[in-house]
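Required output: the full structure, derived from the provided sequences and hints.
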Amino acid sequence: MAKKISGPQMVIANRLDDGRVVFLTSSGDWSARAADAAVADDDVSVDALRSVASASEAANRVLSVEVIEADVHNGVPHPAHMKFAMQAKGPSVRADLGYQVSPDWER
Amino acid sequence: MVLINLTGITTEAWTHLEDDMMPGADTRVAAPLARLTEEAEGFFAAVEAVGAVVSTDADYRSLAPLANKLSFVVIDFPAFGDGRGFSLAVRLRKDLGFTGEIRATGPVIPDQAIHLMRSGFDTVEVEDKREAAFKAALKRYSVFYQSDYTGRTALTHARHAVQERRPEQQRKAS
Amino acid sequence: MYAYDDYDHALVNARVAEFRDQVNRRLSGELTEEEFRPLRLMNGVYLQLHAYMLRVAVPYGTLSADQLRKLAHIARKYDKGYGHFTTRQNIQFNWPKLVDVPDILDELADVEMHAIQTSGNCIRNVTTDQFAGAAADEVADPRPYAELIRQWSTFHPEFTFLPRKFKIAITGAGADRAAVKWHDIGLVLKKNDAGEIGFAVIVGGGMGRTPVIGKTIRDFLPEADLLSYLEAILRVYNEQGRRDNKYKARIKILVDALGAEEYARLTEEEWQAIRHHPVDVPAEEVARIHAFFKAPPLPVLSDDVPTVDAFAEKNFLFAAWLKNNVSAHKVPGHVNITISLKPHGGIPGDASHSQMDLVAALADRYSQGEVRVSHEQNLILPHVAKKDLPAIWADLDEAGLGTANAGLLTDVIACPGLDYCALANARSIPLAQSISARFDDIKRLMDIGPLKIKISGCINSCGHHHAGHIGILGVDRKGEESYQLLLGGSGAEDASKAAILGPGFDEAGIVDAVEKVVAVYLGEREDGEEFLSTYRRLGPDIFKEAVYGTH
Numbered sequence: 001m002a003k004k005i006s007g008p009q010m011v012i013a014n015r016l017d018d019g020r021v022v023f024l025t026s027s028g029d030w031s032a033r034a035a036d037a038a039v040a041d042d043d044v045s046v047d048a049l050r051s052v053a054s055a056s057e058a059a060n061r062v063l064s065v066e067v068i069e070a071d072v073h074n075g076v077p078h079p080a081h082m083k084f085a086m087q088a089k090g091p092s093v094r095a096d097l098g099y100q101v102s103p104d105w106e107r
Numbered sequence: 108m109v110l111i112n113l114t115g116i117t118t119e120a121w122t123h124l125e126d127d128m129m130p131g132a133d134t135r136v137a138a139p140l141a142r143l144t145e146e147a148e149g150f151f152a153a154v155e156a157v158g159a160v161v162s163t164d165a166d167y168r169s170l171a172p173l174a175n176k177l178s179f180v181v182i183d184f185p186a187f188g189d190g191r192g193f194s195l196a197v198r199l200r201k202d203l204g205f206t207g208e209i210r211a212t213g214p215v216i217p218d219q220a221i222h223l224m225r226s227g228f229d230t231v232e233v234e235d236k237r238e239a240a241f242k243a244a245l246k247r248y249s250v251f252y253q254s255d256y257t258g259r260t261a262l263t264h265a266r267h268a269v270q271e272r273r274p275e276q277q278r279k280a281s
Numbered sequence: 282m283y284a285y286d287d288y289d290h291a292l293v294n295a296r297v298a299e300f301r302d303q304v305n306r307r308l309s310g311e312l313t314e315e316e317f318r319p320l321r322l323m324n325g326v327y328l329q330l331h332a333y334m335l336r337v338a339v340p341y342g343t344l345s346a347d348q349l350r351k352l353a354h355i356a357r358k359y360d361k362g363y364g365h366f367t368t369r370q371n372i373q374f375n376w377p378k379l380v381d382v383p384d385i386l387d388e389l390a391d392v393e394m395h396a397i398q399t400s401g402n403c404i405r406n407v408t409t410d411q412f413a414g415a416a417a418d419e420v421a422d423p424r425p426y427a428e429l430i431r432q433w434s435t436f437h438p439e440f441t442f443l444p445r446k447f448k449i450a451i452t453g454a455g456a457d458r459a460a461v462k463w464h465d466i467g468l469v470l471k472k473n474d475a476g477e478i479g480f481a482v483i484v485g486g487g488m489g490r491t492p493v494i495g496k497t498i499r500d501f502l503p504e505a506d507l508l509s510y511l512e513a514i515l516r517v518y519n520e521q522g523r524r525d526n527k528y529k530a531r532i533k534i535l536v537d538a539l540g541a542e543e544y545a546r547l548t549e550e551e552w553q554a555i556r557h558h559p560v561d562v563p564a565e566e567v568a569r570i571h572a573f574f575k576a577p578p579l580p581v582l583s584d585d586v587p588t589v590d591a592f593a594e595k596n597f598l599f600a601a602w603l604k605n606n607v608s609a610h611k612v613p614g615h616v617n618i619t620i621s622l623k624p625h626g627g628i629p630g631d632a633s634h635s636q637m638d639l640v641a642a643l644a645d646r647y648s649q650g651e652v653r654v655s656h657e658q659n660l661i662l663p664h665v666a667k668k669d670l671p672a673i674w675a676d677l678d679e680a681g682l683g684t685a686n687a688g689l690l691t692d693v694i695a696c697p698g699l700d701y702c703a704l705a706n707a708r709s710i711p712l713a714q715s716i717s718a719r720f721d722d723i724k725r726l727m728d729i730g731p732l733k734i735k736i737s738g739c740i741n742s743c744g745h746h747h748a749g750h751i752g753i754l755g756v757d758r759k760g761e762e763s764y765q766l767l768l769g770g771s772g773a774e775d776a777s778k779a780a781i782l783g784p785g786f787d788e789a790g791i792v793d794a795v796e797k798v799v800a801v802y803l804g805e806r807e808d809g810e811e812f813l814s815t816y817r818r819l820g821p822d823i824f825k826e827a828v829y830g831t832h
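Protein sequences appear in the order of chains A, B and C. Going by the numbering used here, 19 is the number at position 19 of the first sequence; the sequence numbering is gapless. Going by the numbering used here, 218 is the number at position 111 of the second sequence; the sequence numbering is gapless. Going by the numbering used here, 740 is the number at position 459 of the third sequence; the sequence numbering is gapless.
Hints are computed from structural coordinates only; laboratory data are not their basis. Relax, there's no trap hidden among the hints.
Below, in silico cross-link-like pairs of lysine-lysine (BS3-like), each with a Cα-Cα straight-line distance of 27 Å or less:
#1 A/Lys83 <-> C/Lys378
#2 A/Lys89 <-> C/Lys361
#3 B/Lys201 <-> C/Lys446
#4 C/Lys378 <-> A/Lys89
#5 A/Lys89 <-> C/Lys358
#6 C/Lys529 <-> C/Lys778
All of these numbers come straight from a predicted model, not from anything done at the bench.
Quick look at the structure:
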């Protein structure tokens, strides 16, 4: 059920083993940094990202895969919708938690 | 597919009657409830055993007129989350007094094995790859709070029926 | 408190082993997410926005000090140092790793706790009055019945895959502190003319997108018949509840479609058929469970404690806390304390690991080792000697737990909202924070009096906005958070549905609107009249005029 693509898109998911939010990169890997996300802006490249993500989901690496709209400023993507922007950062009421602290805040 | 026997019932193979196909003599056949409801006495007399196939949405009362003619009932789950199948089995046992085999088919999952057994199912048909998981699930629990259709005593009763054997339980509680 | 016997331990340990196996099968790919999801939900594991969330059951809101210490330990070891107490008297951890959850469940089992059936389409944690067994206005202690229901509903073979989730609440007091009319089944303990204990049975209440207040289908159910009657209600629901549309799958929709009288008839018919079967437990078992809930042996003391009065005279905040957060106990000279988890500007219902440890220590010292969780997301110390109040308050206050706002406007119920929840459309917590910051004045709050604000971040209504004197519902309006204002709801014995007042607001706007509503009340109230009564007397128009200035 392909939706007509309007504007740049990126892929968000949660890692299966710990649930943490990740973004699909152009190398087909997953990054905690929204800025690392691969951006697609036409149907063909969105489908390509989607199939890489689905394969990763089928391989039990991630779950809850979604293709979402991206805001791109100076070549750096960020989720456009507030819900996904929240996922990229962490709870707005706990600035001390989540990727808003740092992409490796847990290590 | 492989058959998991939940209760140790003796079960034999049967044939599913497609459409208007007529059974051969002395065979064991399963057919949709709707068809069986239409069939005359002769049909039941001709074969060795008849079973009804129903979906989880069947009203148990529609099985009542046939209950004493049926050797087995197959409850087909359209989805594993469709819990009506459990109540249907309970109704067959409790309200219709059905003592024949009750079989579950459809996408039920190993984690439901004990619920199926406790609700009155005897057997469940599963994909081959699920066999080990189903068998493991059956071994997982040995006590239950509720009474059920396995003949086990509910914990709430067992706690008080076994005082001689378990004096430490009694002391703790009083 | 109930204490596990070997059987209870065996069941919970088997469940932990089962879940460990399920997690392993999921990680190996043997289970798909579609298959695993209902299994993890039935162990309280959700996937939220940032991580998994684990909801641990606090059966009927009762905790021992040791259990609370274990929760603090889990917050420290496996989470980010805090937990969130919910409107169903449970606790949620927001950051557990899926791979750690079996270990967490193992640790919980050590203190007789679990996460069984805290989510999923099954019978959930039974909730009750946070003052159960300690309240001065109680007919009977609801906890033994709640424990009976807990056992009956745990791994029920027939009712684990219901059309939708199923929530039961029970109250033993005339004042309903458990919102029983808003539950799938509400039970009200009462005595009949012969002085026998039984229940009024209410079915079909619920919030969500279709708020419904439950209807009474039986005025008096003898206590011995409780479980067979519940089984009959559930069987009718499991067979006939809708499964084609999850928004129409709750029992409230079925009760509405059949009519309460027909639902009562079907239940009665089935109940007569199964009554006196083994589903009802033997009297010895009822007695065994009751024995765990014997009232603690408290000495009768004087209600006049000059040292407390003297301390209150010198210290306004203590005096306010005494008035708002301390309530009557059955035994003279004793009280129940509500520990507010609503510090002004804070996150409603959150407690840090050190706060949990402190409350556990206070419970050991002052409240018979018992702690309760209220559906209003606060903690309770029951059975406290009045003379100990100044010392307890000082310790609480130092830890940020001394806010004197129980039952007042800033004692806000709020769901986690878009800060955590994958279903939310808008944030709830920042709104609760803005409101409590705006009204950060205990004198002003006490002048306003009892006023319940309840905030949900989406139509699922986890923040009970339908039952708020002032309810707030967050919605997503073209990618922006927007908030609707509702007035006139109640979750108490006079249950009512709140009604939407008018168009929505942004965050700053809704806080202003709340202030305007309060101003109308203060201007219009009659002597001693509480907010809800004033609203019911005046109706919405005068509030609408003040908020929207339609003229």
